[in-house]
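Protein chains in written order, with full-length UniProt numbering: chain A, 1 to 503; chain B, 1 to 503.
Wrong hints could be hidden among the right ones.
As the list claims (entries may be wrong) - In the SDA-like style, the derived pairs of lysine to any residue whose C-alpha atoms are separated by at most 20 Å in a straight line are:
1. Lys53(B) to Glu21(A)
2. Lys216(B) to Leu35(A)
3. Lys99(A) to Pro151(A)
4. Lys53(A) to Lys53(B)
5. Lys11(A) to Lys53(B)
6. Lys309(A) to Tyr335(A)
7. Lys257(A) to Arg322(A)
8. Lys446(A) to Trp312(A)
9. Lys45(B) to Asn277(A)
10. Lys11(B) to Arg43(A)
As the list claims (entries may be wrong) - To spell it out: a stretch of chain B is covered by chain A in this simulated footprint if at least three of its residues, at any positions, have a beta carbon under 8 Å from a beta carbon of chain A; those stretches are:
11. 216–228
12. 242–251
Honestly, the hints are just simulated from the structure, not real lab data. For every residue, glycine included, the Cβ atom is placed at its ideal position computed from N, Cα and C.
2 protein chains.
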Amino acid sequence: MGFQEKLQSIKNLMRDYKYYEALSSLFTWEQWQQLPTEGNDYRQKMQGFFTGKMGEIFLSDTAKQGAIYFSDFDPSLLGDDMERGLVRSFLYLYNNTTKVPLEKQVELASLTAKAQKMWQEAYQASDYSIFKPALEEIFRLKMGIAKYIDPNKHPFYVLAGSADEGIEIEKVNLLFKELRNGIIKILEKINKSSVNIDDSCILQQFDKEELKTFIKYLVEATGYDSSRGGFGEVLHPFAVLIGPRDVRITTNYDTFKFGVFAAIHEAGHAMYAQRSNDAVVDMHLWGGNMGAFHESQSRFYENIIGKSKEYWLHFYPELQKRFAQFENVDLDTFYKAINKVEPSFKRVVADELTYSLHPILRFEIEKDLVEGNANFNMLPELWNDKYETYLGIRPTNDREGVLQDVHWSMGLVGYFQSYALGNLYGGQFRRAMLKAVPNVYSEIAKGNFAPLNQWMTENIHQHGRVYSPDEMLRRVTGEELQSKYFLDYLKEKYSQIYQFDLE
Amino acid sequence: MGFQEKLQSIKNLMRDYKYYEALSSLFTWEQWQQLPTEGNDYRQKMQGFFTGKMGEIFLSDTAKQGAIYFSDFDPSLLGDDMERGLVRSFLYLYNNTTKVPLEKQVELASLTAKAQKMWQEAYQASDYSIFKPALEEIFRLKMGIAKYIDPNKHPFYVLAGSADEGIEIEKVNLLFKELRNGIIKILEKINKSSVNIDDSCILQQFDKEELKTFIKYLVEATGYDSSRGGFGEVLHPFAVLIGPRDVRITTNYDTFKFGVFAAIHEAGHAMYAQRSNDAVVDMHLWGGNMGAFHESQSRFYENIIGKSKEYWLHFYPELQKRFAQFENVDLDTFYKAINKVEPSFKRVVADELTYSLHPILRFEIEKDLVEGNANFNMLPELWNDKYETYLGIRPTNDREGVLQDVHWSMGLVGYFQSYALGNLYGGQFRRAMLKAVPNVYSEIAKGNFAPLNQWMTENIHQHGRVYSPDEMLRRVTGEELQSKYFLDYLKEKYSQIYQFDLE
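Bound conformation, chain A alone (with noise of 0.2 Å):
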């Protein structure tokens, strides 16, 4: 088989892959919006039906040949980006995937589905004596899993670059130091001024209806095309990836602030999977690059853009006239009120500033736990110091502390990073489209997103996941990941809300 017959094989096979990755999205839209209680036992052996399917592509004859043949080419003999592209990501999902034993996989899906349940049990009683045996066989299973995917490198750096494709830790490490002690600093500054927020005004009762019609106009007119997704309801709010053209968002109405930054969050993350060009649909690399750099594009346009006084500049008239309860709540007011910093236990509803210190602190404790700088026994105070030492509050109990987060119950170990790079990407991002279109926030101000999108979608959304999240970074803003721009960017935000002096 010559070289083209090698590349349309390997395109077969990533083509058929999305048909299973879209089919396990619509399984998950489905299990939240409409499957009934007494349909999920079926639901769940049909779900184990078709993934051990889209397990069995990798694992065909042709995907191994493909593999062999492709490892030891030259990329730069590939025709272009896009042939590129598809070679990068059908080798980093055959790497990732094809490489464990099928018994490892099934003793991590019974592991997982125990582990979970230890640690609700913990959770409801908060105490995480009872998780504790469960997570330390996660920890151990999953370190040896990834000696199965390269047992070249440290199973850390397998795990997290898993999650995000080409990471380096200690890069990350270092970056995450940084950003950390930059927003340590401007966290002490904003807890020495004298500006008090009162955001009474979002903590208000909105009629769901109403809110769910104001939230759906909003995300329009930012930029979320509709006529390619879908609006639900949920509990824990996701966007999912049904089709390069059907990108459906969920939030949920409980609280006004949640329910809004939850769904341009949302639509951040479907508004790059649902704008990759037709060529890029074809090559089967639509939907975006995973883990870190698509949370920066949701964070973007949740915060960067979503929380600028610009932004509402334009929406709040509409949001006045809309809801009694803004009628004498003045543009100032209700800016300040949705950028109160108030440092918390709960990563979710963190606000901008200090959210990034919840996955940079969970990052750390990974990383000790899994170089032996600490051990399982000392994790809730470790867990509790950090956020003392970080944010500047003590968890008085395990559900508060070392409890928060259901990921470690499901496997996801090395995975929390992404949701902190993200930022970082995403300010990065924010320098260079300002370079490049500098009247980009005015224009906002008058309602015309069309600069801010057209130029994410000419630089990056059109993409998919052409080039990995690294290259991607270097051909827009021609550097590589820094932590200054978002620091940046936070700095100038919260000096001007808390009025301090810059240093």
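Based on these hints, arrange chain B on the given structure of chain A.
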């Protein structure tokens, strides 16, 4: 491989087949409920992919060997009814799906795609000549396809047999003659009757949301289990079997009569499908016999139950409470309104009495065409003549006439008989039910649906497709299919409503 292994191997094939069948149902639901317009292209490709995978199941060596092994196997040597049902269903599916060469299937797919466009064009223009060439081609191709499935039978028998397992055309023809003549006789009496039914009460405008809420209440009270399903809104109502405990129904709310009775009809399909017992589910025989038999369950609930006096004795007070439109309408007027006999050109909105004439005359026309007693040039005249003879009304153009149904353009030849046969099954089941549970209607009048649903579940619903339609009928009624029970029921009901003497 021994008997047990052979049996297990076809059981596994049936399990996989059901997963794809359920997936295909999920796609149908999605298509009408949530799929965004722009998402359609990719979804078509994705569906094509999974349909191909489904086809591979019965093309496997395992399937081939299973078919060879069990084709000559004496069914009485099988362990029990469940095993017999498994083998029977496997062979039925195997024979209907594997014998047609792939190129013929592709030819049919492309022809029906073209034919549906031609039909639409013809329908718009009310001009049969636009559709005729495609229609002729479809009949020719379908007859050819039937030869592959069974070269020893008349192709029309084969096609009808693919829709209705075990059907015998000559017997159907005989039953239909009896049914047709019987209905025409009743219709003549009604035409001479002095009873004039005023159905203006159900032709009023109704608030859509309130109608929706009422219909949900109604079908749940009738026995539809929402925890094993869900509700949707579409133009052409359907029920979808997404799992043994996930059978969703749809209706539309354009008119009171259509909305309510389409919902009860679909709930009838759904109750049958969602009540397979656990052993039947485990044997992958859940969901029931397709074609006429499934239609018997939907039409039973829609008409024999849902348009009975007793049904509304219970529900009418609630209906009156909810809708001011019925405030000054008594039950008798309402009951007569929903049972008003009014010949029309449209099968889908036909009343209970004349309904069967629509599919019967289509069946007769198909039979005449394939047996050479009619040709495609004379089709519009033939169609109109039959409407005039049977229903006493003559279509004035092709749209009212021969272009009424989309079915033929979709390749559904030998399919219409299901719609009328279902009524015969229903009438025969009704008689058996009344023998076993004489107070079933008086209990319904009290709002107690347990006797009805228990009898249906125990005798029919729980068995899924363990027994063929014919076996099922004999088990429950002790006889083969007859026309007289349904005709007796019609005579009894309509002689009361229209006050004529039974001869």
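A quick look at each hint next to the structure:
1. Taken as a hint, the Lys53(B) and Glu21(A) pair is honoured in the structure, with Cα atoms around 16 Å apart against an allowance of 20 Å.
2. At most 20 Å may separate the alpha-carbon atoms for a hinted pair to count; Lys216(B) and Leu35(A) meet this at roughly 17 Å.
3. Our distance criterion of 20 Å between C-alpha atoms is met by Lys99(A) and Pro151(A), whose separation comes to about 11 Å.
4. Pair hint Lys53(A) plus Lys53(B) holds up; C-alpha atoms about 10 Å apart against a cutoff of 20 Å.
5. For the suggested pair Lys11(A) and Lys53(B), the alpha carbons sit about 18 Å apart, so the restraint of at most 20 Å is met.
6. Pair hint Lys309(A) plus Tyr335(A) holds up; C-alpha atoms about 6 Å apart against a cutoff of 20 Å.
7. Proposed proximity of Lys257(A) and Arg322(A) is supported: the alpha carbons are some 16 Å apart, at most 20 Å.
8. For the proposed pair Lys446(A) and Trp312(A), the alpha carbon gap of about 10 Å is at most 20 Å, so the pair holds.
9. Distance restraint check for Lys45(B) and Asn277(A): the Cα-Cα separation of roughly 18 Å lies within the 20 Å cut-off, and the hinted pair is therefore satisfied.
10. A hinted pair counts as satisfied when its Cα atoms are at most 20 Å apart, and Lys11(B) with Arg43(A) qualifies at roughly 19 Å.
11. Check result for the stretch 216–228 of chain B against chain A: holds, 4 residues qualifying (beta carbon to beta carbon below 8 Å, three or more required).
12. Evaluation of the coverage hint for the stretch 242–251 of chain B: fulfilled, as 6 residues show C-beta separations to chain A shorter than 8 Å, against a requirement of three.
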